[in-house]
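Visitor: Single-letter residue listing:
There are 2 protein chains.
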Amino acid sequence: MNVPGREINPHISVDCVIFGFSTNQLKVLLIKRAHTGPSGKRIKDHKLPGDFITINEDLDLAASRTLEELTGLKDIYLQQFAFFGRPGRISNRVDIDWLNATTGHEIQRVVTAAYYSLINITETNSDFAIKNNAAWIDIQQVPDLAFDHDTIIANGLKHLQKTLRNEPIGFELLPEKFIIRELQSLYEVILGCALDNRNFRKKILKSKYMVQLEEKQSGVAHKPAYYYRFDRNIYEKHKKESLGFNF
Amino acid sequence: MNVPGREINPHISVDCVIFGFSTNQLKVLLIKRAHTGPSGKRIKDHKLPGDFITINEDLDLAASRTLEELTGLKDIYLQQFAFFGRPGRISNRVDIDWLNATTGHEIQRVVTAAYYSLINITETNSDFAIKNNAAWIDIQQVPDLAFDHDTIIANGLKHLQKTLRNEPIGFELLPEKFIIRELQSLYEVILGCALDNRNFRKKILKSKYMVQLEEKQSGVAHKPAYYYRFDRNIYEKHKKESLGFNF
Chain A
1218 MNVPGREINP
1228 HISVDCVIFG
1238 FSTNQLKVLL
1248 IKRAHTGPSG
1258 KRIKDHKLPG
1268 DFITINEDLD
1278 LAASRTLEEL
1288 TGLKDIYLQQ
1298 FAFFGRPGRI
1308 SNRVDIDWLN
1318 ATTGHEIQRV
1328 VTAAYYSLIN
1338 ITETNSDFAI
1348 KNNAAWIDIQ
1358 QVPDLAFDHD
1368 TIIANGLKHL
1378 QKTLRNEPIG
1388 FELLPEKFII
1398 RELQSLYEVI
1408 LGCALDNRNF
1418 RKKILKSKYM
1428 VQLEEKQSGV
1438 AHKPAYYYRF
1448 DRNIYEKHKK
1458 ESLGFNF
Chain B
1218 MNVPGREINP
1228 HISVDCVIFG
1238 FSTNQLKVLL
1248 IKRAHTGPSG
1258 KRIKDHKLPG
1268 DFITINEDLD
1278 LAASRTLEEL
1288 TGLKDIYLQQ
1298 FAFFGRPGRI
1308 SNRVDIDWLN
1318 ATTGHEIQRV
1328 VTAAYYSLIN
1338 ITETNSDFAI
1348 KNNAAWIDIQ
1358 QVPDLAFDHD
1368 TIIANGLKHL
1378 QKTLRNEPIG
1388 FELLPEKFII
1398 RELQSLYEVI
1408 LGCALDNRNF
1418 RKKILKSKYM
1428 VQLEEKQSGV
1438 AHKPAYYYRF
1448 DRNIYEKHKK
1458 ESLGFNF
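Heads up: the sequence lines are chains A and B, in that order.
The first sequence begins at 1218 in our numbering and counts up by one.
The second sequence begins at 1218 in our numbering and counts up by one.
Hints may be right or wrong, so weigh each one.
In this list, chains with the same sequence are indistinguishable; a pair is considered to hold if it fits within one copy or across any two.
To be verified - Calculated pairs, SDA-like style, for lysine to any residue (alpha carbon to alpha carbon, straight line, at most 20 angstroms):
{"#": "1", "residue 1": "1457", "residue 2": "1401"}
{"#": "2", "residue 1": "1258", "residue 2": "1310"}
{"#": "3", "residue 1": "1440", "residue 2": "1242"}
{"#": "4", "residue 1": "1291", "residue 2": "1410"}
{"#": "5", "residue 1": "1425", "residue 2": "1301"}
{"#": "6", "residue 1": "1457", "residue 2": "1294"}
{"#": "7", "residue 1": "1423", "residue 2": "1310"}
{"#": "8", "residue 1": "1379", "residue 2": "1251"}
{"#": "9", "residue 1": "1249", "residue 2": "1281"}
{"#": "10", "residue 1": "1423", "residue 2": "1309"}
For the record, the hints were derived by calculation from the structure and aren't laboratory data.
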């Protein structure tokens, strides 16, 4: 985005892959790109929220700044996961024209630093995202994307899935008390596959940081399930003593 | 390194953090940097094997190329782990002078893509490394480093430790048959802490891919220990069925 008085570093950009979880769906936050090329051809596709860094701007701060400017999302914890620097990644005529038109620079090679985050859509101000030409798109229905943003999303998803298998990031997306079925759904949605109910239950209940509450579901047609909570203190204690070997 | 006819991209570099495991030691591969500054002052310190990428060079290939040119190490699997782009990371006068002298460019801001690898020192041709001004330095005794290379190494070590806890990368550094005590030493050396013998044994023996052999140690003063081997097939099968939850 060409803001007057803001000098960009035309060699380095940042891109944010923001995954949004809502009941039974995993979405990704995309920006609509509508632009008329030099030939008068109208371009309509999507891109990740991202931008060139400015001169003297820290990469992490550039990622937060860009995300807020383009989508309105603030105070999101962004995690670096990879950089993308294939020499030919900006070779599509549409992308070159768009960069030249929006930045006023002859852009050549750009290495982009990619960040990801996983948030609960219901807890974020999704109105603001909509105001800013941003949209939550189902991960299974991602449309045509600019540059190599399809590769960046695919890579970001792999990182998210790996993190979900190794760290308790899932609990932050659930209510404080939840039933095991809700936790399993979250894993299924993010991992993109069905999981065996019995195995899931067995494995998750082995972990000492899953604390069963006395309260059960009420008003359900089936046998009511117990609520559980995630105990971060037990987890931190267990983690210190643990060696891992989750391989 | 300024090679005639090789045009560099002065905005982006690669750096390689090569960890070397040898019995009871973790080392890192460093390059000696000796240079006389414009004031005539002699600079002697160390840096990571790294270089600017050239125009049109892929980042991953630039990392392999640089490592081979500077240390002689070939065919090493290099894993991206982070990028470092703090605006002030090249602000030390010595570093600025050295970059100008070695590249012939007025270098300003550089974002570096960092890669790491873990190799068995005894299995690599360490002679070649020594010929090329490279040296294996004990991770506990890393001397003064150029740029922000201390931060890059510290960050690389964290990534290595995390990977060791979550993936079976340790076995590749041991002989095909090994005793549990050898495996524990490897974990202790890389994690940089002593581990409880009983807990380690209990945890590692739970994993189905550790196969006990019939053979025991011979010619030892203490009670001979059984040899084990790592079964990658069992591991791959287990991994497919596994959900992780190693948190």
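Visitor: Now tell me, hint by hint, if it's right for this structure.
Guide: Here's how the hints hold up against the structure:
In this homomeric assembly, residue 1457 and residue 1401 come within 20 angstroms of each other (Cα to Cα) only across copies, at 17 angstroms, whereas the closest approach inside a single copy is 26 angstroms. For the identical chains of this complex, residue 1258 and residue 1310 are intra-copy neighbours only, at 12 angstroms inside a copy versus 50 angstroms across copies, given an alpha-carbon limit of 20 angstroms. In this homomeric assembly, residue 1440 and residue 1242 never come within 20 angstroms of each other (Cα to Cα): the closest approach is 25 angstroms inside a single copy and 57 angstroms across copies. With identical chains, the CA atoms of residue 1291 and residue 1410 are never at most 20 angstroms apart, being 31 angstroms at best within one copy and 39 angstroms at best between copies.
Taking the shortest alpha-carbon separations for residue 1425 and residue 1301, neither the intra-copy value of 39 angstroms nor the inter-copy value of 37 angstroms comes in at or below 20 angstroms. In this assembly of identical chains, residue 1457 and residue 1294 lie within 20 angstroms of each other by CA distance neither inside one copy nor across copies; the values are 23 angstroms within and 30 angstroms between. In the homo-oligomer, the alpha carbons of residue 1423 and residue 1310 never lie at most 20 angstroms apart, since the shortest distance is 54 angstroms inside one protomer and 56 angstroms across protomers. Proximity of residue 1379 and residue 1251 under a CA criterion of 20 angstroms is satisfied in neither setting, with 34 angstroms inside one chain copy and 42 angstroms between copies.
For the identical chains of this complex, residue 1249 and residue 1281 are intra-copy neighbours only, at 19 angstroms inside a copy versus 38 angstroms across copies, given an alpha-carbon limit of 20 angstroms. Neither within a single protomer nor between protomers do residue 1423 and residue 1309 lie at most 20 angstroms apart by alpha-carbon distance, with minima of 51 angstroms and 52 angstroms respectively.
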